[in-house]
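Enquirer: For reference, the chains in residue letters:
2 protein chains.
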Amino acid sequence: NPLVCKLVIKLPVPTPEDNSPDLKRLKYSLKNLGYNNICIDYDALKTIPEVVRDQNWEVTATIIRSSPAPLLSRLESGDTSADNYGIVFDIGTTAVRGRLIALENGKILAEETTYNRQRDYGDDVISRIAYCHRPGGIEALQRLTTDTLNKLIENMTCSAGIENENVSLVVIAANTIMVQLLLAINPEPLRLSPYVPAVNSLPLIKADRLGINLGKHCYVNIIPVVASYVGGDIVAGVTACSMHNREQTSLYIDIGTNGEIVLGKRDWMVTAACSAGPTFEGGGIKYGMLAINGAIEGFELPNPFDQPLIKVIGNKSPAGICGSGLINAISALFSAGILGQNGKFNSESACKRLRQGEDGFEYIIVEAQQTSIGKDIVLTEVDVDNFVRSKAAIYAGCQTLAESIGIDMSEIDNIIIAGTFGSHIDIDNAIKVGLLPDIARDKFQFIGNGSLMGAYSAILSLEMYQDMLKIADTMTSIELSENRLFMDNYVASLFLPHTDMSRFPSIITWH
Amino acid sequence: NPLVCKLVIKLPVPTPEDNSPDLKRLKYSLKNLGYNNICIDYDALKTIPEVVRDQNWEVTATIIRSSPAPLLSRLESGDTSADNYGIVFDIGTTAVRGRLIALENGKILAEETTYNRQRDYGDDVISRIAYCHRPGGIEALQRLTTDTLNKLIENMTCSAGIENENVSLVVIAANTIMVQLLLAINPEPLRLSPYVPAVNSLPLIKADRLGINLGKHCYVNIIPVVASYVGGDIVAGVTACSMHNREQTSLYIDIGTNGEIVLGKRDWMVTAACSAGPTFEGGGIKYGMLAINGAIEGFELPNPFDQPLIKVIGNKSPAGICGSGLINAISALFSAGILGQNGKFNSESACKRLRQGEDGFEYIIVEAQQTSIGKDIVLTEVDVDNFVRSKAAIYAGCQTLAESIGIDMSEIDNIIIAGTFGSHIDIDNAIKVGLLPDIARDKFQFIGNGSLMGAYSAILSLEMYQDMLKIADTMTSIELSENRLFMDNYVASLFLPHTDMSRFPSIITWH
Chain A
3 NPLVCKLVIK LPVPTPEDNS PDLKRLKYSL KNLGYNNICI DYDALKTIPE VVRDQNWEVT
63 ATIIRSSPAP LLSRLESGDT SADNYGIVFD IGTTAVRGRL IALENGKILA EETTYNRQRD
123 YGDDVISRIA YCHRPGGIEA LQRLTTDTLN KLIENMTCSA GIENENVSLV VIAANTIMVQ
183 LLLAINPEPL RLSPYVPAVN SLPLIKADRL GINLGKHCYV NIIPVVASYV GGDIVAGVTA
243 CSMHNREQTS LYIDIGTNGE IVLGKRDWMV TAACSAGPTF EGGGIKYGML AINGAIEGFE
303 LPNPFDQPLI KVIGNKSPAG ICGSGLINAI SALFSAGILG QNGKFNSESA CKRLRQGEDG
363 FEYIIVEAQQ TSIGKDIVLT EVDVDNFVRS KAAIYAGCQT LAESIGIDMS EIDNIIIAGT
423 FGSHIDIDNA IKVGLLPDIA RDKFQFIGNG SLMGAYSAIL SLEMYQDMLK IADTMTSIEL
483 SENRLFMDNY VASLFLPHTD MSRFPSIITW H
Chain B
3 NPLVCKLVIK LPVPTPEDNS PDLKRLKYSL KNLGYNNICI DYDALKTIPE VVRDQNWEVT
63 ATIIRSSPAP LLSRLESGDT SADNYGIVFD IGTTAVRGRL IALENGKILA EETTYNRQRD
123 YGDDVISRIA YCHRPGGIEA LQRLTTDTLN KLIENMTCSA GIENENVSLV VIAANTIMVQ
183 LLLAINPEPL RLSPYVPAVN SLPLIKADRL GINLGKHCYV NIIPVVASYV GGDIVAGVTA
243 CSMHNREQTS LYIDIGTNGE IVLGKRDWMV TAACSAGPTF EGGGIKYGML AINGAIEGFE
303 LPNPFDQPLI KVIGNKSPAG ICGSGLINAI SALFSAGILG QNGKFNSESA CKRLRQGEDG
363 FEYIIVEAQQ TSIGKDIVLT EVDVDNFVRS KAAIYAGCQT LAESIGIDMS EIDNIIIAGT
423 FGSHIDIDNA IKVGLLPDIA RDKFQFIGNG SLMGAYSAIL SLEMYQDMLK IADTMTSIEL
483 SENRLFMDNY VASLFLPHTD MSRFPSIITW H
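Residue numbers (the working numbering), protein chains in the order written: chain A, 3 to 513; chain B, 3 to 513.
Hints are computed from structural coordinates only; laboratory data are not their basis. Mixed in with the good hints there might be a few duds.
Stated by the list, open to error - Taking lysine-lysine pairs in the DSBU-like style, the calculated list, with each CA pair at most 35 Å apart, reads: (1) B/K288 / A/K26; (2) A/K288 / A/K377; (3) B/K267 / A/K48; (4) B/K26 / A/K472; (5) B/K26 / B/K48; (6) A/K313 / A/K377; (7) A/K267 / A/K318; (8) A/K33 / B/K26; (9) B/K48 / B/K218; (10) A/K48 / B/K218; (11) B/K48 / A/K208; (12) A/K218 / B/K153; (13) A/K48 / A/K33; (14) B/K377 / A/K48; (15) A/K472 / B/K153; (16) A/K33 / B/K208; (17) A/K472 / B/K218; (18) B/K288 / B/K354; (19) B/K377 / A/K472; (20) B/K33 / B/K12; (21) B/K33 / A/K267; (22) B/K218 / B/K472; (23) B/K12 / A/K208; (24) A/K153 / A/K354; (25) B/K267 / B/K288; (26) A/K26 / A/K377; (27) A/K33 / A/K109; (28) A/K153 / B/K313; (29) B/K109 / A/K472; (30) B/K33 / B/K153; (31) B/K267 / B/K313; (32) B/K267 / A/K33; (33) A/K48 / B/K313; (34) A/K33 / B/K313; (35) B/K288 / B/K313; (36) A/K26 / B/K208; (37) B/K472 / B/K346.
From a predicted model like this one, the values you see are computed outputs, not experimental measurements.
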């Protein structure tokens with residue numbers, strides 16, 4: 003039951019007795035197929051007389067089942083129903099992911115990821131919003147977004163061997179800032195209290211009006227957003243994993259630069275964004291890096307005072323450490339008593355890999371000669387400090403959300419971890435450092451890129467898309483940045499794993 | 003209750019406790035005003051964050067009350083409700099008329115008429131359709147239409163001293179061919195049996211997409227058409243004179259190159275087009291001309307054998323004779339017995355103004371020395387023949403329409419004569435020549451330009467516009483060109499006034 007369908011219609015041939023207009027004839031046939039009150043795109047309208055007569059009154063009508071009325075976006079001669087493709091995008095601040103889908107059967111024909119070209123104007127959203135102050139700044143960022151999309155479209159349609167022309171619909175899930183920049187809507191109010199987004203649900207927009215290189219009949223459908231820092235990516239993910247149908251209470255966590263979290267079940271959902279900072283993507287960490295080739299992601303300490311066993315992505319010489327590597331390293335060092343609950347290195351430890359560095363104590367993960375960068379890869383106390391603040395923001399966010407609806411985190415039935423980064427987390431270690439709540443391990447579920455998964459669900463299912471509209475509209479957003487309770491919870495979380503150890507019953511601390 | 007309205011809204015100011023999106027805030031306020039499920043134009047959407055903040059959360063929303071959902075076409079800061087203008091057009095094959103209206107109170111601020119620039123490619127619709135076969139032909143004719151509209155817009159907004167930007171909506175009533183050429187829809191099927199128009203009802207279309215020079219928020223609403231030769235001009239006129247609310251049976255006649263006729267009452271309406279030919283606009287008549295300065299429009303014969311009393315438009319020396327002049331002349335000559343019932347001059351008449359010309363007998367209306375063209379202005383038997391065929395087409399059309407629903411023309415309660423030409427007709431003479439049915443004179447009503455009148459009603463009244471949609475959809479069109487009954491009626495009408503004199507009881511023939 004996809005959001006856009008192609009209907010093959012044999013129109014009644016006009017006669018002197020029945021010479022009603024082509025459009026009336028078409029609308030009548032559509033009505034018989036259950037499509038009443040249909041809207042028609044002007045570009046489609048213009049082609050009517052030729053199209054209906056070209057293949058002896060057999061036509062294929064492309065219908066976008068939008069609300070409040072279905073839209074006839076394209077009219078073709080003959081039966082073209084086999085050529086009905088859709089593209090879904092997850093537009094992230096850093097990366098953009100696309101998927102090309104045969105709408106007939108839901109088959110994924112291609113999938114591509116690339117960097118968001120907006121990064122030319124800043125790695126984080128705040129610097130991009132700042133760039134919008136320049137004359138033409140908003141338009142420049144819009145163009146970079148569509149350039150990114152166009153590149154993905156080109157790659158995907160080429161690799162699948164299909165015509166751009168035959169893409170009927172694009173569905174986009176993105177964070178709120180990416181949505182506004184795609185639409186060239188001034189994002190300034192997003193970064194100022196009280197953090198008000200311009201839009202929530204969005205109308206269908208023609209792809210060519212946004213500069214997207216697809217047929218002129220192609221429309222763009224954007225998954226609605228909730229708040230300035232809770233976007234359509236979250237709405238898409240939450241719906242895709244069916245939280246809104248569950249009887250049990252679930253917590254959805256998308257860990258990235260902005261940890262977005264949703265707590266809820268069938269009857270209600272609350273959401274918040276906790277600015278975790280870029281730590282999990284390697285930012286603010288001396289040798290931090292993205293989870294790409296050369297990044298240390300595995301870290302174990304079989305013998306606390308000996309050298310660690312590390313695992314590097316792509317089996318290369320290490321060049322730095324990524325987010326999941328950090329979690330594993332800090333967890334292991336903490337378990338070994340080398341790192342204290344306060345995030346400081348135990349200077350009295352017998353560990354020979356500890357030394358005084360320029361930023362205070364530091365732990366040598368890998369010596370220079372074994373790296374590809376010719377320098378010792380170390381973990382400093384400043385790194386640990388930044389990490390602790392990031393994980394505290396996420397944990398305190400989850401805690402505050404739970405408290406806001408009067409439950410304890412132990413009462414949460416399921417925790418859904420979304421995001422590509424999330425899939426690489428070791429749950430035990432993440433709990434040990436106090437990033438995730440200490441509940442039964444089998445309650446955790448990884449879903450990968452929830453945003454793309456949701457966009458894919460939406461394009462293939464009208465009902466799913468309608469659920470997203472409803473969810474975005476009814477989800478309650480809690481603003482944490484000025485929330486007193488959150489501040490208290492945050493401060494209490496600035497510890498490994500937490501100042502209140504009763505919250506982490508399964509963690510036995512070393513001393 | 004105009005089709006487009008401006009609502010002034012004070013939006014609730016966002017706070018940290020209520021930081022829902024600008025659009026949600028706006029939609030909520032609109033819902034409270036009774037506008038639910040509103041659609042929003044992308045250009046309006048883009049401006050939201052700036053517009054709402056510019057005048058401290060007071061905005062003016064322009065809403066087009068279209069179906070199936072109202073459309074928010076423009077959003078402005080502050081209260082701009084006083085600047086809400088509409089333009090209506092009647093696009094005829096020959097002339098285009100426009101009216102600029104203050105939508106607040108319905109006041110007409112300017113009215114202009116000009117020639118349709120499409121005339122460069124032919125005086126009649128058939129030659130224009132033929133022109134569309136050339137590459138780029140359709141687009142050229144579209145451009146000429148919008149050039150014509152743009153010129154009228156410029157004149158009207160200048161003379162009224164208002165900004166183009168503040169025109170919210172354009173409503174257009176036009177014949178079917180003009181509608182299709184305005185929209186660049188191939189008109190070819192309109193001229194071939196079974197004469198099928200491409201469209202009937204039409205979506206709202208942005209003015210700038212058609213090349214109309216108005217604000218980019220301005221939309222165009224086109225009155226729906228019925229058949230290839232029964233356009234929105236007729237639907238507009240019929241509705242404006244409230245035929246659809248009358249208990250009595252009315253006949254609506256728009257006499258022009260194509261006599262369009264509608265017969266009906268509250269419950270039903272039937273319509274037909276009878277190709278009267280260009281006679282009434284001076285075409286096919288040796289000294290025929292449009293009803294402009296120099297045209298003979300009055301003709302009386304106080305003494306049958308003496309010279310006629312003529313009246314010339316603009317009190318000039320005569321240059322020719324116009325449609326209403328022809329009716330008056332033929333009627334007078336017929337009454338005087340100079341012209342026989344068969345449309346031939348009575349060669350045995352004592353009238354000295356009759357002579358043998360190159361086309362057979364002819365009657366000298368004005369001698370050369372009294373004209374501005376230096377030639378005798380005559381009425382030839384060929385002229386009379388052409389005229390008789392034109393009037394017969396109209397009369398037979400009316401008769402066939404009446405018979406098709408099983409009534410006699412004498413049962414018609416009202417006859418509404420529309421069209422600028424119609425207003426100049428002398429009813430007695432028109433009946434005497436057999437153009438109009440012989441019923442009580444007080445049953446005739448002149449409404450002038452019904453098309454412009456209807457477009458004006460539609461822009462000022464949503465209900466009226468909705469009535470037009472319904473009427474266009476339910477009106478039954480009867481194709482006369484291949485109708486056996488019509489052909490019989492037509493042949494019987496090729497007489498002055500008719501072969502069946504019992505149909506014209508008030509006309510006493512001379513012999």
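Enquirer: Do the alpha carbons of B/K218 and B/K472 lie within 35 Å of each other, as the hint requires?
Expert: Holds, at roughly 29 Å.
Enquirer: Against the 35 Å threshold, does the CA-CA distance of A/K48 and B/K218 hold or violate the hint?
Expert: Holds, because 21 Å separates the two Cα atoms, which is no more than 35 Å.
Enquirer: Holds or violated: B/K377 and A/K472, Cα atoms, limit 35 Å.
Expert: violated (81 Å)
Enquirer: Given the hinted pair B/K33 and A/K267, is their alpha-carbon gap at most 35 Å?
Expert: Roughly 28 Å separates the two Cα atoms, so the pair holds.
Enquirer: Given the hinted pair A/K153 and A/K354, is their alpha-carbon gap at most 35 Å?
Expert: violated (50 Å)
Enquirer: Given the hint that B/K33 pairs with B/K153, test it: the Cα-Cα distance must not exceed 35 Å.
Expert: Roughly 39 Å separates the two Cα atoms, so the pair is violated.
Enquirer: Tell me if the straight-line CA distance from B/K288 to A/K26 falls inside 35 Å.
Expert: This hinted pair is violated, its Cα atoms lying about 43 Å apart.
Enquirer: Holds or violated: are the alpha carbons of B/K26 and A/K472 at most 35 Å from each other?
Expert: holds (13 Å)
Enquirer: Just to be careful, I want the Cα atoms of A/K288 and A/K377 compared with a cutoff of 35 Å; is the pair within it?
Expert: holds (12 Å)
Enquirer: Check whether the Cα positions of A/K313 and A/K377 lie no farther apart than 35 Å.
Expert: holds (18 Å)
Enquirer: With the threshold set at 35 Å, check whether the alpha-carbon distance from B/K33 to B/K12 stays at or below it.
Expert: It holds: about 13 Å lies between the C-alpha atoms, which stays within 35 Å.
Enquirer: Can the restraint linking B/K109 and A/K472 be considered satisfied, given a maximum Cα separation of 35 Å?
Expert: Roughly 44 Å between the alpha carbons, so the hint for B/K109 and A/K472 is violated.
This entry does not satisfy hints 1, 7, 14, 15, 19, 24, 25, 26, 28, 29, 30, 31, 33, 34, 37, going by the numbered hints stated previously.
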